[in-house]
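Chemist: Take a look at the letters that make up each chain.
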Amino acid sequence: MPVRVQEQDFDAGAEMSRLRASRADVGAVASFVGVVRDSNDGASVGSMTLEHYPGMTEKSIQAIIDQAKARWKIFDALVIHRVGELKPRDQIVLVAVTGSHRGEAFAACEFIMDFLKTRAPFWKKEQTPQGARWVDARVSDDAAAARWSSTTPKAGM
Amino acid sequence: MKLRLKFFASIREQLGCDGEVLEAPAGVVTVAALRQLLLGRGDIWQQALSGNRVLRVAVNQDMAGPDTPLRDGDEVAFFPPVTGG
Numbered sequence: 006m007p008v009r010v011q012e013q014d015f016d017a018g019a020e021m022s023r024l025r026a027s028r029a030d031v032g033a034v035a036s037f038v039g040v041v042r043d044s045n046d047g048a049s050v051g052s053m054t055l056e057h058y059p060g061m062t063e064k065s066i067q068a069i070i071d072q073a074k075a076r077w078k079i080f081d082a083l084v085i086h087r088v089g090e091l092k093p094r095d096q097i098v099l100v101a102v103t104g105s106h107r108g109e110a111f112a113a114c115e116f117i118m119d120f121l122k123t124r125a126p127f128w129k130k131e132q133t134p135q136g137a138r139w140v141d142a143r144v145s146d147d148a149a150a151a152r153w154s155s156t157t158p159k160a161g162m
Numbered sequence: 046m047k048l049r050l051k052f053f054a055s056i057r058e059q060l061g062c063d064g065e066v067l068e069a070p071a072g073v074v075t076v077a078a079l080r081q082l083l084l085g086r087g088d089i090w091q092q093a094l095s096g097n098r099v100l101r102v103a104v105n106q107d108m109a110g111p112d113t114p115l116r117d118g119d120e121v122a123f124f125p126p127v128t129g130g
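Chains A and B are the protein sequences, given in the same order.
If you're matching positions, the first sequence starts at 6 in the numbering used here and goes up one per residue.
If you're matching positions, the second sequence starts at 46 in the numbering used here and goes up one per residue.
Calculated from the structure, these hints are not laboratory results.
Glycine included, C-beta positions come from ideal geometry on N, C-alpha and C.
Take these hints with a grain of salt, some might be off.
Unchecked claim - Below, computed lysine-lysine pairings styled on BS3-like, alpha-carbon distance capped at 30 Å: (1) A/LYS64 / B/LYS51; (2) A/LYS74 / A/LYS64; (3) A/LYS130 / A/LYS92; (4) A/LYS64 / B/LYS47; (5) A/LYS64 / A/LYS92; (6) A/LYS78 / A/LYS92; (7) B/LYS51 / A/LYS130; (8) A/LYS64 / A/LYS130; (9) B/LYS47 / A/LYS92.
To be verified - Over 12 Å on every C-beta distance to chain B, these chain A residues come out as not near it, computed from the model: (10) GLY39; (11) ALA48; (12) SER65; (13) LYS74; (14) HIS86; (15) ARG94; (16) SER105.
Construct the complete structure from the given sequences, taking the supplied hints into account.
Modeler: This is the structure in structure tokens:
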């Protein structure tokens, strides 16, 4: 399954090994791992809870992967996103992409992550010393996703 | 027309419920009309779904806009901007 939403942790190294071992023409594996920070917007974060919209989450991430595959010559893409309660230093998300060359793998990996942040229905609630709060969406995330629609080609094009 | 409503994150908390099945009256044929209908329920609905806050809507698990048409049996979800990753 190229998209997995799960409570349990993942082994990024094992996942990437599996992905690249599936074919012999892989020349590049690009990956991103998102991690829970111990502070956000000036408050310390003790833990966070990630909620999602089952069904739409998987569907929206698959659509992002399909767009990446249409745009760059990549072989496979894998997204694992955790939900439930997470603590600082915990891994949240893994995006891994294989291709022949690094340029396309890097670009597709960043594209998938940028669109996941603005399109996939996940919500974070942080526990801080001042109480629980829902994390606000960032304008910078919208900007990161929007730059992919400009006509300026990114690496690997 | 029967609609399955779903609420997530801060909106679910404000409303104190994660969804309902709604028998929508005639005329509720778009996302905007549905939102108006729900706002008419009063206080907490106005706080949760008011025009002052940025709101996302999905119809049958695809992102939708105010003009997206609604059909019998549709699943309509209301939620704040997403914050995953």
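Chemist: All hints, please: hold or fail.
Modeler: Results of checking the hints against the structure:
no., hint, result
1, A/LYS64 / B/LYS51, "holds (17 Å)"
2, A/LYS74 / A/LYS64, "holds (15 Å)"
3, A/LYS130 / A/LYS92, "holds (12 Å)"
4, A/LYS64 / B/LYS47, "holds (23 Å)"
5, A/LYS64 / A/LYS92, "holds (27 Å)"
6, A/LYS78 / A/LYS92, "violated (36 Å)"
7, B/LYS51 / A/LYS130, "holds (19 Å)"
8, A/LYS64 / A/LYS130, "holds (23 Å)"
9, B/LYS47 / A/LYS92, "violated (41 Å)"
10, GLY39, "violated (5 Å)"
11, ALA48, "holds (15 Å)"
12, SER65, "violated (8 Å)"
13, LYS74, "holds (19 Å)"
14, HIS86, "violated (6 Å)"
15, ARG94, "holds (17 Å)"
16, SER105, "holds (27 Å)"
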